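*Asks:* Here is how the chains run, residue by residue.
There are 2 protein chains.
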Amino acid sequence: MTIGPGMRKTALPKGFRVSGVNCGVRRYRPDLGVIISDRDAVGVGVYTQNEYKAAPVLYCQGITPSDGIRAIVTNSGQANAATGPTGVEANARMAASVAESLGCRSTQVLTASTGVIGTPMEIEKIVASIPELLARATDSAEAFALAILTTDLIPKTVTTQVELSGGSVCITGICKGSGMIHPNMATMLGYLLTDATLSVEVAQSCLREAADLSFNMISVDGETSTNDTVFLLANGASGVSVTSESDLVLFQSALVELAQILAQSIARDGEGSTKLIEVELNGAPTQELARQAARGITISPLIKAAIHGEDPNWGRILARLGADGIPGDSLDQLTLAIQGIKVMELGVPVLFDRAAARARLKGDTVNITIDLPGGEGSAKAWGCDLSQKYVVINAEYTT
Amino acid sequence: MTIGPGMRKTALPKGFRVSGVNCGVRRYRPDLGVIISDRDAVGVGVYTQNEYKAAPVLYCQGITPSDGIRAIVTNSGQANAATGPTGVEANARMAASVAESLGCRSTQVLTASTGVIGTPMEIEKIVASIPELLARATDSAEAFALAILTTDLIPKTVTTQVELSGGSVCITGICKGSGMIHPNMATMLGYLLTDATLSVEVAQSCLREAADLSFNMISVDGETSTNDTVFLLANGASGVSVTSESDLVLFQSALVELAQILAQSIARDGEGSTKLIEVELNGAPTQELARQAARGITISPLIKAAIHGEDPNWGRILARLGADGIPGDSLDQLTLAIQGIKVMELGVPVLFDRAAARARLKGDTVNITIDLPGGEGSAKAWGCDLSQKYVVINAEYTT
Numbered sequence: 294m295t296i297g298p299g300m301r302k303t304a305l306p307k308g309f310r311v312s313g314v315n316c317g318v319r320r321y322r323p324d325l326g327v328i329i330s331d332r333d334a335v336g337v338g339v340y341t342q343n344e345y346k347a348a349p350v351l352y353c354q355g356i357t358p359s360d361g362i363r364a365i366v367t368n369s370g371q372a373n374a375a376t377g378p379t380g381v382e383a384n385a386r387m388a389a390s391v392a393e394s395l396g397c398r399s400t401q402v403l404t405a406s407t408g409v410i411g412t413p414m415e416i417e418k419i420v421a422s423i424p425e426l427l428a429r430a431t432d433s434a435e436a437f438a439l440a441i442l443t444t445d446l447i448p449k450t451v452t453t454q455v456e457l458s459g460g461s462v463c464i465t466g467i468c469k470g471s472g473m474i475h476p477n478m479a480t481m482l483g484y485l486l487t488d489a490t491l492s493v494e495v496a497q498s499c500l501r502e503a504a505d506l507s508f509n510m511i512s513v514d515g516e517t518s519t520n521d522t523v524f525l526l527a528n529g530a531s532g533v534s535v536t537s538e539s540d541l542v543l544f545q546s547a548l549v550e551l552a553q554i555l556a557q558s559i560a561r562d563g564e565g566s567t568k569l570i571e572v573e574l575n576g577a578p579t580q581e582l583a584r585q586a587a588r589g590i591t592i593s594p595l596i597k598a599a600i601h602g603e604d605p606n607w608g609r610i611l612a613r614l615g616a617d618g619i620p621g622d623s624l625d626q627l628t629l630a631i632q633g634i635k636v637m638e639l640g641v642p643v644l645f646d647r648a649a650a651r652a653r654l655k656g657d658t659v660n661i662t663i664d665l666p667g668g669e670g671s672a673k674a675w676g677c678d679l680s681q682k683y684v685v686i687n688a689e690y691t692t
Numbered sequence: 294m295t296i297g298p299g300m301r302k303t304a305l306p307k308g309f310r311v312s313g314v315n316c317g318v319r320r321y322r323p324d325l326g327v328i329i330s331d332r333d334a335v336g337v338g339v340y341t342q343n344e345y346k347a348a349p350v351l352y353c354q355g356i357t358p359s360d361g362i363r364a365i366v367t368n369s370g371q372a373n374a375a376t377g378p379t380g381v382e383a384n385a386r387m388a389a390s391v392a393e394s395l396g397c398r399s400t401q402v403l404t405a406s407t408g409v410i411g412t413p414m415e416i417e418k419i420v421a422s423i424p425e426l427l428a429r430a431t432d433s434a435e436a437f438a439l440a441i442l443t444t445d446l447i448p449k450t451v452t453t454q455v456e457l458s459g460g461s462v463c464i465t466g467i468c469k470g471s472g473m474i475h476p477n478m479a480t481m482l483g484y485l486l487t488d489a490t491l492s493v494e495v496a497q498s499c500l501r502e503a504a505d506l507s508f509n510m511i512s513v514d515g516e517t518s519t520n521d522t523v524f525l526l527a528n529g530a531s532g533v534s535v536t537s538e539s540d541l542v543l544f545q546s547a548l549v550e551l552a553q554i555l556a557q558s559i560a561r562d563g564e565g566s567t568k569l570i571e572v573e574l575n576g577a578p579t580q581e582l583a584r585q586a587a588r589g590i591t592i593s594p595l596i597k598a599a600i601h602g603e604d605p606n607w608g609r610i611l612a613r614l615g616a617d618g619i620p621g622d623s624l625d626q627l628t629l630a631i632q633g634i635k636v637m638e639l640g641v642p643v644l645f646d647r648a649a650a651r652a653r654l655k656g657d658t659v660n661i662t663i664d665l666p667g668g669e670g671s672a673k674a675w676g677c678d679l680s681q682k683y684v685v686i687n688a689e690y691t692t
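Chains as they are written, first to last, in our numbering: chain V, 294 to 692; chain L, 294 to 692.
I should point out that these hints are in silico values taken from the structure, not numbers from a laboratory.
All figures in this text were calculated on a predicted structure; none of them were measured in a lab.
Be a bit skeptical, because a hint or two may be false.
Any copy will do: because identical chains look the same in the list, a pair fits if it lies in one copy or spans two.
Here are the simulated DMTMM-like pairs of lysine to aspartate or glutamate, each with C-alpha atoms no more than 20 Å apart in a straight line [as the list claims (entries may be wrong)]:
no.	residue 1	residue 2
1	Lys655	Glu689
2	Lys673	Asp657
3	Lys682	Glu603
Make a model of the complete structure from these sequences and hints.
*Replies:* This is the structure:
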């Protein structure tokens, strides 16, 4: 897989172009982006399970799945959540304005918003900028990736080619997210684009599995947003179909890997983060408990603060596993390693060199592996450390 | 109610004495305490629901409820959790040593521990100090309240007299807790002492209700400890029984009020805390949802950080309520006030003076009131703000 994060140029699948401009809602940085497919694309989405959904989420839920998507327009700075009927109207105008310029119907344009909740949308600025936005469309992902950022420090893109029986297809992913990250089903904003030909049903099931193994297993702060959305657009421009079982396996595994890379990039760029935390948990009584307990480690402020302090404080990991429902008799047989150093083996604390352990925690990635006896449940989750900077960022964000 | 927090002298109920000394586990500060009843007391407990329970919790669960309790011995600095069979043995020796000095059976002595998880108990130091500990017993609560503190800054005691039909009884409460605070059923360490005469059954139900409305509704960091315990001892030394329905109501309401004062004192003294957050939520579809959503506000790092920054960032409150399961159609009718300033009324954002709101957030207590339409569920919860100091404390605690 060719990973294209950061400011390097990231290729788009055939038939897609993207753009990003500053429309004047935010100062000095792009705040409006669009993804355009030059032909009708299969478009599916997975959306936040927060009961309080933003206007664009409600709108897109009504449109997808679809086989006629032509564009996704996204603004940053204002979330269009808790904005009432005027927010619904603003969202409809954003879609209609793009549709008019492209010469398609409004229902062929998806929308997403990210930013402060409860602020009225400055829709006139957005609508006025759409002609320029569309005119600037290019064939690399960066302009769009930059336009959707909020407190993120790093644009997040990745692209890969998958060799299928009928030829090669491209998948490109773009996402954003840094705070209010604890996706439940979807996440932050994610855009997966491919020039493969997929049916609506296959697209939906591929997206759901990819989201479950990636975006749904990251957490920055345990907060589920009102706007979380991941889209998958498949426009068939490669002329290559994903139909056989073996092609589906190849395509699906590439999509999962790509989604996991994007998800990790969000956790690593979490607000105030200095380290990526990777948790691998095996042997839980059930799959659901494995997922819950692995995610529990990544949202524990005590564990996150200890890792920030490069402190192998393993007692907090045990306490958290017990709090999240791993049975006590299972914990009595647990083997736990931090950065490959065993701190507990089959339930017995291991005497380890604390200075050496601290040294291994100095890197920018920290692995925690948990082996429980017997069960079938296993999961991987990703998070980040908790720093003083997280508090500073979030004590000062709106005002 | 006479509140006796801090360093003022706090009276104990008749027939109780307490003590605290330094046994040498911690430097320069008391780390071993005991509560003694001069006669057999009814003793009940509520304990952590963490699956990974400390040795003293497992021990006390085997002894309570009891009508023959004579003492509770508690050490701070070492939690006696994740300590294996040697921890179980150390706990038994701690109880036996107190029992021997008092001339009673081991099963008449309860135990509790608080401190670092996974550190072996320095039991020889503890046992060697027990004669001096017992010799120093006095009739005010402070020596014990100080001996059980860990990262707490303030000892927490409260006492009250309740006038019952048969005469006056005294209830005194002592507790500790500052981090790893998100009790599930019990909490941190809490000790409620009374000279009233209670049956075991009445004591157990009084304690459970008091804990549910107080300790179980506070959170500092969403972490459920391995050691959470609240005890209630009733030794009958006042000669006044709680038997009639009206006496029971008086006694129970005094116990709840006292437990709530103690619980609030823990939240206010949460690690790094500068403000107490009080959440009152009314009109949820169910009582359980009300409790969950009210607590959700108190564990949200984004809301806690905003309050630390004295920022009336109400959108985060809406997002959290939706994430914690309050139905969307209910949120569409919500009225929300922060420090008495309405920011949303019947689902519509209210234009409010942001500077004035910020000024009202400068105090050491912040009220959030949430009114939903129609439902019967209501709850109060308490928490604290999230400061940079929380991170500093927990990045540095063990090493």
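*Asks:* When no copy is named, should lysine 655 and glutamate 689 be tagged within, between, both, or neither for a Cα gap of at most 20 Å?
*Replies:* between (28 Å within a copy, 14 Å between copies)
*Asks:* Which holds for lysine 673 with aspartate 657 at a C-alpha limit of 20 Å: within a copy, between copies, both or neither?
*Replies:* Close inside one copy (18 Å), not across copies (41 Å); limit 20 Å.
*Asks:* Have a look at lysine 682 and glutamate 603 and pick one of within, between, both or neither, based on CA distance no larger than 20 Å.
*Replies:* For lysine 682 and glutamate 603, both the intra-copy (16 Å) and inter-copy (17 Å) Cα distances are at most 20 Å.
In this structure, none of the earlier numbered hints is contradicted; all agree with it.
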